[in-house]
Each structure stands twice: as structure tokens, then as C-alpha cells.
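Chain order of the listed sequences is D and U.
For the first sequence, UniProt numbering assigns the number 1 to the initial residue and increments by one for each residue that follows.
For the second sequence, UniProt numbering assigns the number 1 to the initial residue and increments by one for each residue that follows.
Mixed in with the good hints, there may be bad ones.
No more than 25 Å apart at the CA atoms, straight line, and that leaves these computed lysine-lysine pairs for DSS-like [said to hold, decoys possible]:
#1 Lys-67/U <-> Lys-189/D
#2 Lys-67/U <-> Lys-196/U
#3 Lys-125/U <-> Lys-196/U
#4 Lys-189/D <-> Lys-125/U
#5 Lys-189/D <-> Lys-200/D
Where chain U lies over chain D, by a calculated footprint (3+ residues, C-beta under 8 Å) [claimed, not checked]:
#6 18 to 31
#7 59 to 65
#8 73 to 85
#9 134 to 146
#10 153 to 163
#11 238 to 249
Simulated from the structure, these hints should not be mistaken for laboratory data.
Since this is a predicted model, take the numbers as computed values, not measurements.
From the three backbone atoms N, C-alpha and C, an ideal C-beta is built for every residue, glycine too.
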Amino acid sequence: MARRAKYKGIDHLTPVDRVVVGLMIAVPTILVLWLVWVPAIGSVLLSFTNWDGIGPISAAKNVGLRNYHDVLTIYPPFVPALQHNLIWLAVMFLFATPVGMFLAVLLDREVRGSRVYQTAIYLPVVLSLALVGFIWQLIYSRDQGLINAVTGGSIDWYGDQRYNLWAALIASSWRHVGYIMLLYLAGLKGVDPTLREAAKVDGASERQTFFRVVFPVMFPINIIVLVVTVIESLRAFDLVWVINKGRNGLELISTLVTSNIVGEASRIGFGSALATFMLVISSIFIVLYLRIVMREQR
Amino acid sequence: MTAASEAPQTAAPRSRNPLSSRRPQGVGQQKGNRGIQIFLAVVALIWIFPVGYALLNSFRNYAYTAKHGYLSFGGFTLDNYRNAWQQADFSHTMLNSAYITIPAVLLTLFLSCCVAFVVSRFSFKFNLALLGMFTAANLLPPQALLIPVYRMFRAIQVPFWFSDSGTLLNSYWGLILVNVAFQTGFCAFVLSNYMKTLPRELYESAVVDGAGVLRQFFQLTLPLCRPPLAALATLEVTWIYNEFFWATVLLQSGDKFPVTSSINNLRGQFFTDNNLVAAGSVVIALPTLIIFFVLQKQFVAGLTLGATKG
Numbered sequence: 001m002a003r004r005a006k007y008k009g010i011d012h013l014t015p016v017d018r019v020v021v022g023l024m025i026a027v028p029t030i031l032v033l034w035l036v037w038v039p040a041i042g043s044v045l046l047s048f049t050n051w052d053g054i055g056p057i058s059a060a061k062n063v064g065l066r067n068y069h070d071v072l073t074i075y076p077p078f079v080p081a082l083q084h085n086l087i088w089l090a091v092m093f094l095f096a097t098p099v100g101m102f103l104a105v106l107l108d109r110e111v112r113g114s115r116v117y118q119t120a121i122y123l124p125v126v127l128s129l130a131l132v133g134f135i136w137q138l139i140y141s142r143d144q145g146l147i148n149a150v151t152g153g154s155i156d157w158y159g160d161q162r163y164n165l166w167a168a169l170i171a172s173s174w175r176h177v178g179y180i181m182l183l184y185l186a187g188l189k190g191v192d193p194t195l196r197e198a199a200k201v202d203g204a205s206e207r208q209t210f211f212r213v214v215f216p217v218m219f220p221i222n223i224i225v226l227v228v229t230v231i232e233s234l235r236a237f238d239l240v241w242v243i244n245k246g247r248n249g250l251e252l253i254s255t256l257v258t259s260n261i262v263g264e265a266s267r268i269g270f271g272s273a274l275a276t277f278m279l280v281i282s283s284i285f286i287v288l289y290l291r292i293v294m295r296e297q298r
Numbered sequence: 001m002t003a004a005s006e007a008p009q010t011a012a013p014r015s016r017n018p019l020s021s022r023r024p025q026g027v028g029q030q031k032g033n034r035g036i037q038i039f040l041a042v043v044a045l046i047w048i049f050p051v052g053y054a055l056l057n058s059f060r061n062y063a064y065t066a067k068h069g070y071l072s073f074g075g076f077t078l079d080n081y082r083n084a085w086q087q088a089d090f091s092h093t094m095l096n097s098a099y100i101t102i103p104a105v106l107l108t109l110f111l112s113c114c115v116a117f118v119v120s121r122f123s124f125k126f127n128l129a130l131l132g133m134f135t136a137a138n139l140l141p142p143q144a145l146l147i148p149v150y151r152m153f154r155a156i157q158v159p160f161w162f163s164d165s166g167t168l169l170n171s172y173w174g175l176i177l178v179n180v181a182f183q184t185g186f187c188a189f190v191l192s193n194y195m196k197t198l199p200r201e202l203y204e205s206a207v208v209d210g211a212g213v214l215r216q217f218f219q220l221t222l223p224l225c226r227p228p229l230a231a232l233a234t235l236e237v238t239w240i241y242n243e244f245f246w247a248t249v250l251l252q253s254g255d256k257f258p259v260t261s262s263i264n265n266l267r268g269q270f271f272t273d274n275n276l277v278a279a280g281s282v283v284i285a286l287p288t289l290i291i292f293f294v295l296q297k298q299f300v301a302g303l304t305l306g307a308t309k310g
């Protein structure tokens with residue numbers, strides 16, 4: 001008993017404990033490596049091959065950058081998809097994010113009933129994006145939609161490729177605004193109140209206080225919101241897929257990858273080149289995110 | 001510290017003590033507040049409108065709205081719910097959702113507790129890199145991993161008692177594993193932040209008392225982590241229930257689709273009857289809406305847990 005009670009430092013481990021700790025870390029690590037990181041590397045490697053997905057993978061030949069070249073030159077949906085992704089990002093970043101931030105600033109003033117308003121605005125966040133697409137169908141539908149019922153028009157908002165991207169973006173913004181608002185509300189609560197006091201004493205207006213004092217202090221939140229927005233825009237999929245599987249004006253990189261593999265299309269190398277493209281863009285922002293959130297861990 | 005435990009503390013004194021309030025309430029301020037209040041009320045109404053409109057029309061008879069138009073009032077019925085429930089086979093797909101969501105959430109929380117516990121309790125050389133690997137995994141676009149995951153799942157043979165398709169493709173377990181792999185990163189990150197705030201002395205005395213790692217984990221750490229676990233559980237149930245992409249591509253037979261992916265079939269079948277679609281949407285949204293209204297605090301805390309460290 002006396003031996004056991006002897007304290008040998010917090011990290012001292014018996015052989016059994018060593019095995020337990022090893023398992024605790026090994027099982028989740030293997031799972032994540034297997035289902036996230038190995039596939040990520042796999043996509044990159046496959047993008048340099050001509051594997052058709054039918055024969056054995058050993059039959060695949062290295063074709064260098066040909067898949068990338070093909071994507072850029074002989075694959076008509078690629079350029080529109082890229083443009084749509086960029087438009088998506090621009091709308092989320094230049095419209096939905098500022099609106100969310102503005103609403104957070106107003107709600108942070110805690111006017112009467114702000115709880116209720118807050119709840120109403122972030123309610124869409126609990127709905128899946130696929131369902132968001134469905135709910136907006138009731139407003140956009142050509143024959144039974146609200147817009148056409150009110151205006152007497154006959155535009156098929158989801159079907160007409162002049163409008164459908166914008167219709168989807170409104171539905172998507174509806175959800176994104178609530179999410180961004182929530183992140184900023186949490187950020188604003190974390191701002192030291194004495195900073196505002198000091199700014200007030202120095203005679204700064206509310207607007208000046210926000211842009212010169214509060215906004216810079218929220219730097220980590222701003223970066224997180226930026227990363228969340230970019231990543232969500234890049235992997236936007238559900239909403240567009242339920243509308244028309246990403247065709248006819250709604251092409252996105254994510255839907256192109258999916259349509260190249262689902263349905264046994266077997267354009268493995270080709271689809272992988274598109275996937276690699278997504279990986280490269282997202283990894284830039286993931287690194288940025290990790291630098292911010294890991295800084296406080298050291 | 002985490003937002004879950006911090007937010008109530010910082011918010012409470014502000015409203016209770018008017019003297020320490022950041023913005024003293026003057027007459028002019030009141031007037032400004034009213035303007036803001038009206039503006040916020042209008043925005044809130046606009047935001048709630050699509051859901052309210054879906055709810056309203058889900059109770060309306062199709063024949064009535066077809067005859068009088070959607071701007072009319074009347075024709076209320078419960079038939080849409082009965083029909084949607086039967087035709088979209090909700091009793092079946094809801095069960096599928098439960099088969100996928102419940103094990104996935106439990107596994108995610110358990111495995112991320114393990115990771116967080118080890119990372120926050122013991123110092124290795126690769127602590128931070130390991131946590132980074134988990135966190136980054138949560139942010140990768142799933143579509144970019146689709147081809148290898150799809151191929152691997154199709155190639156992996158499993159016994160038929162495990163999956164009736166004989167492979168991981170088109171099986172509940174394949175989908176559960178993918179969801180767990182993706183969500184563990186976020187939960188591990190949040191939980192490790194929380195566990196780092198637990199006092200070291202607690203563990204020191206536990207070690208002196210002869211508690212091994214397992215006892216420290218199950219009897220000391222897990223009970224103390226109840227607040228972030230509640231928040232994460234709420235959030236993960238919502239996310240995994242709502243998960244659409246993997247369910248769509250990894251399950252091919254309609255009889256295994258969870259409720260969120262089955263809406264795709266719903267529209268194909270009832271394209272012309274939007275009132276039925278509305279009823280279906282309400283049914284699908286109901287579990288998450290209930291969670292949202294009952295556990296709102298946990299839900300919001302969960303969403304902001306990972307983000308507010310500044």
C-alpha cells in the first residue's frame with residue numbers, strides 16, 4: 001500500500017495505463033486517418049493517373065498533369081462552376097456576413113425583446129441546407145410559389161438559369177446570416193467593456209468605437225468567420241443538389257465531383273483533379289484557422 | 001475558458017446593475033432603441049416568414065389553394081400530414097435516421113473525449129500537431145474525399161450480419177463511421193479546451209489515491225465535462241441528423257436513406273402538391289426544431305464553443 005501511495009509525478013504511467021492511453025489516442029487517430037486523411041492524399045494521387053475505376057488500380061498509369069489540363073480545356077462545366085463558386089463566396093462574404101454582423105451589433109444592445117428577435121433570426125441554422133432548399137421552393141415554385149402568386153409572374157425561379165443561382169443564394173444567405181450573427185454575438189460578449197468605456201471617455205462616437213476599438217479586438221472571431229464563410233461556400237452542395245443536382249446554371253465544383261463519381265461515370269482521374277482543386281483552396285484557409293485557434297493552446 | 005460557462009456570467013451583471021451598464025440609458029437613447037427595436041422586429045418577421053409560410057400551407061387543402069390561390073385564407077386540413085407520412089414512408093426513414101444518428105453521436109462524443117483527455121492531460125511532443133490533424137479533418141470539403149472513400153467502402157467486404165449489402169457501401173455502419181471521422185475533430189478541439197481548465201490538483205490527488213488512467217477518465221473527467229458534452233451532444237445530433245451529402249452518395253438503396261436524404265424522393269413524387277411538400281418539410285424539421293426550442297441554450301453554446309476563445 002505504501003508503495004502505491006508514493007506520488008511519482010502526474011505523468012507517471014504504469015504499463016497498463018500506457019496501453020490504455022495508447023488505445024485512447026490510437027483508435028480515433030486511425031479512424032480519422034483512414035476516412036479523412038488517406039482519402040485526401042488518395043484524391044491527390046489519383047488526380048495524376050488515368051484510372052478508369054473498372055480495372056485494378058495497379059493498371060493505372062501516371063499521366064502527369066493531363067487531367068488538370070483536360071479539366072481546364074475540354075470540360076465545359078468547369079469554368080461556370082468556378083464562377084458560381086466565386087459568386088457564392090462573394091455573396092456570403094459581402095452580403096450575408098455584414099448583415100449577420102450588423103444584426104449582432106444591434107442585438108448586443110439588449111433592447112426589449114432582443115431574445116425573441118435573436119431566436120427568430122438563428123432559427124434557420126437548425127435546418128439542414130437540403131431542407132432550406134425545400135422550404136424556399138414554396139416561395140419560388142413557378143405554379144404554386146408565393147412570388148408568382150403575389151406578382152402574377154410566371155418565372156420558374158429554381159428552373160430558369162438566369163435566376164436560379166440568385167434564388168439559391170437568397171435561401172443560403174437566410175441561413176448563413178443567423179450563423180454569423182451567433183458567432184459575432186458571442187464575440188461581442190467577450191469584448192472587455194472597459195475598452196468601450198475608455199473610448200466613450202475619449203469622446204468617440206458609437207460608430208468610431210465599433211470600427212476602431214471593438215472590431216479590431218475581435219480579430220480572432222473575424223478570422224474564424226472568414227474561414228467558416230470560405231469553407232462553407234466552397235463545400236456548398238446540399239441546397240443545389242436538391243434543386244436540380246447542380247445542372248443548368250447551378251454548377252458548383254462540389255456537384256461536378258459528385259456527378260463524376262456517382263452513377264458509375266468512372267472518370268476517376270478527372271474527378272480527382274477537381275477534388276484536389278477543392279483541397280488546395282480549403283487547406284490554405286484551414287492553415288489560417290489553425291494558426292489562430294492553436295495560438296492560445298501553447 | 002469556454003463560452004458556455006462564461007456567457008451567463010458576463011451577461012448577468014450587465015443587465016442587473018444599471019450603473020455598470022456600458023451605455024447609460026438617456027432619453028435620446030430610448031428613442032434610438034425604439035427605432036432599433038422596430039427594425040429588428042421587421043427583420044425577425046422576415047426571417048421567420050419562410051418557416052411560418054411552410055407551416056401555414058402544410059395545413060391547407062391542395063384543392064382549395066389551387067382554386068382560390070395561395071393568397072387566400074381557409075381550406076384547413078390535417079390530410080397533408082397523414083399523406084406525407086404514408087407516401088414518404090416517414091416511419092421508416094425516421095427510424096433509419098435514428099439508427100445512424102444515435103450511434104454516430106455517442107461514438108463521436110466518446111472518441112473525442114478520449115482524444116481530448118490524452119491531449120490535455122499528458123504532454124507529448126506531437127500534442128498540438130495531433131489536435132491540429134483532428135481539427136483540420138473537420139474542415140475539409142467532404143466532396144474532395146468522395147472518390148477514395150466510395151471506392152474503399154465498395155471494396156471492403158463485411159459479413160452479412162453486419163451489413164446486408166456485404167460491403168461498407170450502402171450500410172449504416174459505413175455512414176456512421178464517416179460521420180464520426182468528420183465530427184470527432186470539432187468535438188475533440190472543444191473538449192480539450194475545456195479539459196485544460198480542470199484543476200491539475202484534482203488529478204494529482206487522484207493519482208496519489210491510486211486511480212489509474214481509466215478511473216481518472218470515467219470517474220473524474222467525464223462527470224466534470226457534463227456542460228460541454230451537453231452542448232456538443234445537442235449540436236451533433238442536429239448536424240448528423242441533417243447530414244445530407246454522405247447519406248446521398250454512400251447509401252444507394254432507398255430503404256436505408258435517413259429522413260433528410262429521402263426528401264429528394266419526396267419532391268420527385270409530389271412535385272405538383274406544394275402543401276404536401278410543406279407538410280413533409282415540417283415533419284423532417286420537427287426533431288431539430290424540438291431540440292432547438294427545448295435545448296436552445298446548449299445549442300447556442302455548442303455553436304460558439306469552438307469559435308470564441310478571443
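These are the hints, each one checked on the structure:
1. Lys-67/U <-> Lys-189/D: Violated, at about 52 Å.
2. Lys-67/U <-> Lys-196/U: 64 Å, violated
3. Lys-125/U <-> Lys-196/U: 17 Å, holds
4. Lys-189/D <-> Lys-125/U: Answer violated: Lys-189/D to Lys-125/U is near 35 Å, above 25 Å.
5. Lys-189/D <-> Lys-200/D: OK: Lys-189/D and Lys-200/D at ~18 Å, within 25 Å.
6. 18 to 31: With 8 residues closer than 8 Å to chain U, the segment 18 to 31 of chain D meets the three-residue bar; holds.
7. 59 to 65: violated (count 0)
8. 73 to 85: Since 0 is below three, the answer is violated.
9. 134 to 146: n = 11 at 8 Å, threshold three: holds.
10. 153 to 163: Result for this restraint: violated, n = 0.
11. 238 to 249: holds (count 3)
Hint violations for this structure: numbers 1, 2, 4, 7, 8, 10, all remaining hints satisfied.
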